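Generate coordinates for the entire structure from the input sequences, incorporating the hints supplied.
What follows is the residue order along each chain.
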Amino acid sequence: GDSVIQMQGQVTLSENDFLFINCTYSTTGYPTLFWYVQYSGEGPQLLLQVTTANNKGSSRGFEATYDKGTTSFHLQKTSVQEIDSAVYYCAMRDRGSALGRLHFGAGTQLIVIP
Amino acid sequence: AQTIHQWPVAEIKAVGSPLSLGCTIKGKSSPNLYWYWQATGGTLQQLFYSITVGQVESVVQLNLSASRPKDDQFILSTEKLLLSHSGFYLCAWSGDGNTLYFGEGSRLIVV
Numbered sequence: 001g002d003s004v005i006q007m008q009g010q011v012t013l014s015e016n017d018f019l020f021i022n023c024t025y026s027t028t029g030y031p032t033l034f035w036y037v038q039y040s041g042e043g044p045q046l047l048l049q050v051t052t053a054n055n056k057g058s059s060r061g062f063e064a065t066y067d068k069g070t071t072s073f074h075l076q077k078t079s080v081q082e083i084d085s086a087v088y089y090c091a092m093r094d095r096g097s098a099l100g101r102l103h104f105g106a107g108t109q110l111i112v113i114p
Numbered sequence: 001a002q003t004i005h006q007w008p009v010a011e012i013k014a015v016g017s018p019l020s021l022g023c024t025i026k027g028k029s030s031p032n033l034y035w036y037w038q039a040t041g042g043t044l045q046q047l048f049y050s051i052t053v054g055q056v057e058s059v060v061q062l063n064l065s066a067s068r069p070k071d072d073q074f075i076l077s078t079e080k081l082l083l084s085h086s087g088f089y090l091c092a093w094s095g096d097g098n099t100l101y102f103g104e105g106s107r108l109i110v111v
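Chains as they are written, first to last, in our numbering: chain A, 1 to 114; chain B, 1 to 111.
Since the hints were derived computationally from the structure, they do not count as laboratory data. Mixed in with the good hints there might be a few duds.
Here are the simulated distance ranges between beta carbons [unchecked claim]:
| id | chain 1 | residue 1 | chain 2 | residue 2 | range |
| --- | --- | --- | --- | --- | --- |
| 1 | B | T40 | A | F20 | 40 to 48 Å |
| 2 | B | T3 | A | G69 | 36 to 44 Å |
| 3 | A | S14 | B | P18 | 43 to 51 Å |
| 4 | A | S14 | B | S84 | 37 to 45 Å |
| 5 | A | G69 | B | I109 | 42 to 50 Å |
| 6 | A | E63 | B | P18 | 40 to 48 Å |
| 7 | A | I83 | B | V15 | 38 to 46 Å |
| 8 | B | V53 | A | I111 | 37 to 45 Å |
| 9 | B | V15 | A | F18 | 45 to 53 Å |
| 10 | B | E104 | A | R60 | 19 to 27 Å |
| 11 | B | K70 | A | E63 | 18 to 26 Å |
| 12 | B | W7 | A | F18 | 35 to 43 Å |
Bear in mind the structure is a predicted one, so any value in this text is a computation, not a measurement. Here a beta-carbon is modelled for each residue, glycine too, at the ideal position from N, C-alpha and C.
The structure is reproduced here in structure tokens:
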């Protein structure tokens with residue numbers, strides 16, 4: 001079945017460190033891929049999305065490339081700041097699936113130490 | 001601009017008591033609406049979705065039910081709460097069936 005895998009439960013970095021959060025997906029279809037960010041006590045908000053394979057999405061300094069060959073959609077940021085501390089979710093929607101059904105990864109909590 | 005409002009913000013309820021959580025979307029006609037549940041420290045699990053008034057599809061029931069009495073309103077409820085219902089309930093809307101926009105959530109503690 002469709003699934004999204006994020007391996008790191010928690011990542012702790014210092015300000016200006018490089019961020020890399022691993023995400024791989026599994027589906028037989030043609031997915032749209034997303035990264036959502038959830039700040040403490042709030043609902044998730046869309047960070048970026050990519051619909052077409054081999055394209056890159058970017059927002060607020062974060063980037064992710066839809067790599068169909070490796071079925072990956074890793075999230076990167078060159079220099080993290082304390083305000084980036086949040087939980088990051090990779091998500092996938094197979095365009096053939098039930099309307100709006102997203103498969104979310106387990107989430108990765110990012111802690112940035114000033 | 002579209003806004004989504006959830007109520008209540010938080011509740012502490014006893015096992016076996018009823019529950020009703022609400023969600024209202026303004027500024028968007030005929031949105032697709034969704035309920036998600038998030039256990040503490042857990043991922044997001046879709047519970048229900050609705051594409052039109054009066055029509056709700058269940059994805060995972062968890063002894064909960066949902067209704068859409070108006071175009072802009074989505075209700076999640078149960079007659080008898082279980083301890084396992086504790087968590088964070090999120091309402092979301094979508095205009096194109098692709099990108100989801102979440103509300104601020106309702107935190108439920110069942111004791």
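- What hints, given by number in increasing order, does this structure fail? Going through the list in order, the structure violates hints 1, 11 and respects the others.
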